[in-house]
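Chain order of the listed sequences is A and B. According to the working numbering, the residues represented by the first sequence are 7 to 299, in order. According to the working numbering, the residues represented by the second sequence are 213 to 430, in order.
Hints are computed from structural coordinates only; laboratory data are not their basis. Virtual Cβ for every residue (Gly too), placed ideally from N, Cα, C. One or more hints might be untrue.
Cβ-Cβ distance ranges computed for the label pairs, FRET-style [what the hints assert, rightly or not]:
| hint | chain 1 | residue 1 | chain 2 | residue 2 | range |
| --- | --- | --- | --- | --- | --- |
| 1 | A | Ser116 | B | Leu332 | 51 to 61 Å |
| 2 | B | Lys429 | A | Thr31 | 25 to 35 Å |
| 3 | A | Ser248 | B | Met213 | 30 to 40 Å |
| 4 | B | Met213 | A | Thr60 | 30 to 40 Å |
| 5 | B | Ser403 | A | Val66 | 50 to 60 Å |
| 6 | A | Thr127 | B | Lys429 | 23 to 33 Å |
| 7 | B | Ala314 | A | Ala11 | 52 to 62 Å |
Per the computed footprint, the stretches of chain A lying under chain B, defined by three or more beta-carbons under 8 Å from a beta-carbon of chain B, are [what the hints assert, rightly or not]:
| hint | stretch |
| --- | --- |
| 8 | 68 to 75 |
| 9 | 83 to 94 |
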Amino acid sequence: MHCEAVCKRYGRGRWILSDVDMEVTAGEVLAVVGGNGSGKSTLLRILVGLSRPTSGTVSVRPRRIGYVPDRFTAHDRVSAISYLTHMGRIRGMPGSAARARGRHLLDRLSLVGGQDAPLRTLSKGNAQKVALAQALLVEPDLLVLDEPWSGLDVSAHGVLAEFIDEAAARGGAVVFTDHREAITGTYADGAYALHDGRVTRLGGQHTAGHASLVELVLTVPTTGVPPVEVDWRALPGVVDASGRDESVVLRVAREHSDAVLLTALQHHWSVDGLARAAAGRAGHRVDSGRAAL
Amino acid sequence: MIALVRYMFTVMLLSQRYLAPLLLFVGLLAVLTSSDSGPLAATYASAAGALLVCSVWLTMALVGLEDRTHRSVLVVSVGSRLRTLLGSVTTAVLWCLLLTVAGLGLPLVFGTHSPVLADLVLGAEAQLTCAFTGIAIGLVCSRPVVRRQGHALVLALVLVLAALLAKGVSPVNVLLTDLQNTSDSTGLLGSTAVLLVVATGVLAVGAAITHAVTLRKD
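Generate the whole structure from the sequences, applying the supplied hints.
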C-alpha cells in the first residue's frame with residue numbers, strides 16, 4: 007500500500023500534512039516519529055481510512071485493519087470481555103471464538119481490574135490494553151498503532167513487541183507512531199520522521215532487526231529412514247514449530263537458524279525449504295532442493 | 213449488520229440513556245390519551261406527535277453515546293463509515309419500534325376504545341411516519357454533525373417545530389391534520405402509507421446529510 011502526495015487540512019485551517027509519500031509493504035514494521043501535534047495521528051487516520059486526504063491518493067488499503075487510537079477513554083458500562091466479543095462479532099467471528107480470543111489476548115496483556123469489569127472503571131493503561139486487544143481479534147493485514155507505548159506498563163511493553171512481531175511475521179504491515187526516535191531502532195524496520203507536515207524517510211535499515219525470522223521446512227528423507235524426534239520448541243531461537251503432514255515447519259530467529267539447521271541434519275531430518283519469514287509469504291526461497299542425507 | 217446493531221442496542225441499553233425519552237413518551241401518552249373515548253385515529257395522532265419528539269431525543273442520545281475515538285475504532289472494525297451509520301439508523305428504528313408498540317397499546321389501557329384492525333394499522337403507520345422523521349432530525353442534530361450541544365438542541369427544536377407546523381410540506385403536519393379530522397381509519401390507510409414512504413425518504417436524506425458532514429469533518 008502506498009500514499010502519494012497526500013495533503014490534509016481541516017476546513018480552511020493550516021495544512022497538517024503536505025505532500026506525504028509513504029510506502030508500506032507487507033511484513034514490514036514502520037515507525038512514524040514526530041513531536042506533539044506534528045500530524046502523526048492525522049496520518050494514521052488517513053492510513054486506516056478514517057479520514058480522507060484533502061488531495062493525493064492512498065492506494066490498495068488492505069481489508070482487515072487493526073487500529074489502536076492514542077487515547078481509549080470509554081464511558082461504557084459494557085465489560086472489557088463483552089466489548090471484545092461484540093467487536094469480534096462485528097468483524098465476522100462467531101461469538102464464542104471472539105470471546106475466547108479476547109480472553110486469550112487480555113490474559114497475555116495481563117489486564118488488571120478484571121475482564122468482566124465495566125470499561126469505564128478501567129485505568130488508562132488497562133483501557134489501552136483493551137484497545138490493543140480489539141485490534142488483534144482477527145489477524146490484521148495492516149496494524150496501525152498510535153503511540154502504543156504511552157500508558158502501558160513495562161511488562162506490557164514486551165507483549166506489545168511480541169504482537170508487533172507476530173503481525174509482521176504473518177505478513178501483515180505494522181505502522182506505529184512515537185515521539186521518541188530511539189524506540190524506532192528497537193522495534194521498526196524503517197522509520198519516517200514527520201516535521202511541519204512533511205515526511206522524510208530516516209536511514210538505517212535494520213537488516214538483522216527483530217523481524218528477521220527464517221522459516222525452515224523439514225521432512226522425512228527420501229530414503230525413508232525415520233528421523234529422530236526432536237523437541238523443537240526447546241531449542242534456542244525457535245519461535246514456532248508446527249507439523250504439516252509428514253513435515254515440520256519451524257520459524258527460527260535468524261541468529262539461531264544455523265544452529266537449528268545443524269541440529270536437524272544431525273538428527274537425520276531432510277531440509278525441504280528455507281525462506282526468510284519476515285518478508286511475508288512471498289519470501290525468497292533460498293533453497294527448495296531436497297538435501298537428503 | 214446484525215452484530216453491529218446488537219452491539220449498539222446493548223450499549224444504549226446499558227447506558228440507560230433511553231430512559232428519559234422513554235419516560236417522556238409514556239408520560240405524554242398518559243397526559244394526552246387518558247380517559248379518552250373519541251375516535252382512535254385522533255388518539256393515535258397525539259401518540260405519533262409524542263413519538264416525533266422522543267425519537268429525536270433517542271436518536272441524538274444513541275449517536276452521541278460514543279466519543280470520537282470510540283467511534284473511530286468501531287468504524288475501522290466495521291470497515292465502512294456508511295455501514296456504521298446504517299447500523300445507528302437501524303438501531304434507532306428498532307428502539308422506535310418498541311416505542312410504537314407502547315404507543316399502540318397504552319392508549320387502549322388509558323382510555324376506553326373498541327379498536328379494530330384498521331385502527332391499529334393506521335396507528336402503526338402514523339407513529340412510524342413520525343419516528344422516521346424524528347430519526348432524520350436526530351441524525352442531523354447528533355454530536356458527530358453538530359459538535360456543540362447547545363447548538364444541536366436549538367437546531368433540533370427548530371426542525372421539530374418545522375416538521376409539526378410546515379403546512380402541506382412536512383409529512384408529519386399532513387398526517388396529524390388528516391388524523392385529527394377523521395373518524396374512519398380505513399379510508400386513511402392508503403394516504404398514510406404514502407406519508408410513511410415520504411418519511412422514509414426524509415430519513416434517507418437525513419442519513420445522507422449526516423454521512424456527508426461527518427466525511428467532511430474527519
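Evaluation of the provided hints:
1. At about 56 Å, the beta-carbon gap between A:Ser116 and B:Leu332 stays in the expected band of 51 to 61 Å.
2. In this structure the hint that B:Lys429 and A:Thr31 lie 25 to 35 Å apart at CB holds, the actual value being about 31 Å.
3. Between A:Ser248 and B:Met213 the beta carbons are some 36 Å apart, a value that agrees with the proposed interval 30 to 40 Å.
4. In this structure the hint that B:Met213 and A:Thr60 lie 30 to 40 Å apart at CB holds, the actual value being about 31 Å.
5. As the Cβ distance of B:Ser403 to A:Val66 is approximately 51 Å, the hint placing it in 50 to 60 Å holds.
6. Under the hint 23 to 33 Å, the C-beta atoms of A:Thr127 and B:Lys429, about 31 Å apart, fit the expected range.
7. For B:Ala314 and A:Ala11, the hinted distance range of 52 to 62 Å is satisfied, since their beta carbons lie about 55 Å from each other.
8. Residue count for the stretch 68 to 75 of chain A with a Cβ under 8 Å from a Cβ of chain B: 5. That meets the three needed, and the coverage hint holds.
9. Coverage of a stretch by a chain is defined here by at least three residues with a beta carbon nearer than 8 Å to that chain's beta carbons; for the stretch 83 to 94 of chain A and chain B the count is 5, and the condition holds.
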